[in-house]
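S.K.: Following the hints, position chain B with the ligand against chain A.
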Amino acid sequence: MTERTFNRVSPLQDVAVQGRFGADRGAVGVSFTVRHPMSIITVIARAGQGAATAEALKGYDAQWAGPDQWFVLAEGRGEGALYRELKSKLSGLASVSDQSHGRVIIRIAGTKARAVLAKGTPVDLHADVFPAGKSALTQMAHVGVHLTRVDADTYDLSVFRGFSESFWEWITEQAEEFGYQVI
Amino acid sequence: MLIPCPHCGTRPVEEFTFLGDAAPTRPTTNDPSSMEAWYEYVYLRNNPRGTIDEYAHHSGGCRAWLVVQRNTETHEVYGAVTARAFASRKEAVAKGEQA
Ligand SMILES: [Zn+2]
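Protein chains in written order, with our numbering: chain A, 1 to 183; chain B, 1001 to 1099.
Check before you lean on any hint, since a few could be wrong.
Stated by the list, open to error - Dumping the calculated SDA-like pairs for lysine to any residue here, alpha-carbon to alpha-carbon at most 25 Å:
#1 A:K58 - B:H1007
#2 A:K134 - B:V1013
#3 B:K1090 - A:P67
#4 A:K134 - B:K1090
#5 A:K134 - A:F163
#6 A:K119 - B:T1017
#7 B:K1090 - A:D68
#8 A:K119 - B:K1090
#9 A:K119 - B:R1063
Since the hints were derived computationally from the structure, they do not count as laboratory data. The model shown is predicted, which means the values in this text are computed figures rather than measured ones.
Only chain A is shown next, with the shape it has when bound in the complex (with noise of 0.2 Å):
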């Protein structure tokens, strides 16, 4: 039998067209690039393991995703390995799901990162209270959003696949006044 091979492609592939849009002077404020082809695990630990889930994925790029529930994220597995492997290293502790095809995720950084989703989202982002390597749960624009604070001027923002057009429609706008480059 011959062997399946396929190219993944970014839902966004025809949407996040490269360049610069916007405000066009000066620096930009902020810049967007598609983070594709992600690994995207989702782990929800079973009832009583949520402690002995969590040390289990010590090493992993795990970002809280609700309570005693998780992304593990990976960039150039291939397909399905972190989900394989998640699935056998969990065993009996968590349930595992593969969303790598289901979700999107968006990188927004710059100076202006913070102005940009200060319009969407009810989320207090001031570094005191939302680190970098925390997460939260939102929404923006009516659209579920997993938020993650990357560093002080970068943060990534998963979203449903069916919902990444429309999202990146409203979060461009959002940032055309201060001038945006897609990456």
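M.R.: Positioned in the frame of chain A, the structure of chain B with the ligand alone reads:
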């Protein structure tokens, strides 16, 4: 109206879906003699003026079920706990009454 989610911190009411009064307790038996209790559980609700505990789903956030205590008259929100914590507290109170 701001609701202090125990998982997410203070969030606006728009992120929550309310189910209703958390006071009724589901009967634990299907015995025909419990039909009166089932009728009360399913259909009868108080309409308090003042403090009420209500189930709320943080649908736009952590997706956890909570119980929010608020005042129907002043709209003041007193607090929110997980539905699980509320249920065990209710169970403890019921046991205390039996004893
Ligand atoms: Zn919450």
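S.K.: Each hint: holds or not?
M.R.: Checked hints:
no., hint, in the structure
1, A:K58 - B:H1007, "21 Å, holds"
2, A:K134 - B:V1013, "22 Å, holds"
3, B:K1090 - A:P67, "22 Å, holds"
4, A:K134 - B:K1090, "34 Å, violated"
5, A:K134 - A:F163, "23 Å, holds"
6, A:K119 - B:T1017, "22 Å, holds"
7, B:K1090 - A:D68, "24 Å, holds"
8, A:K119 - B:K1090, "40 Å, violated"
9, A:K119 - B:R1063, "23 Å, holds"
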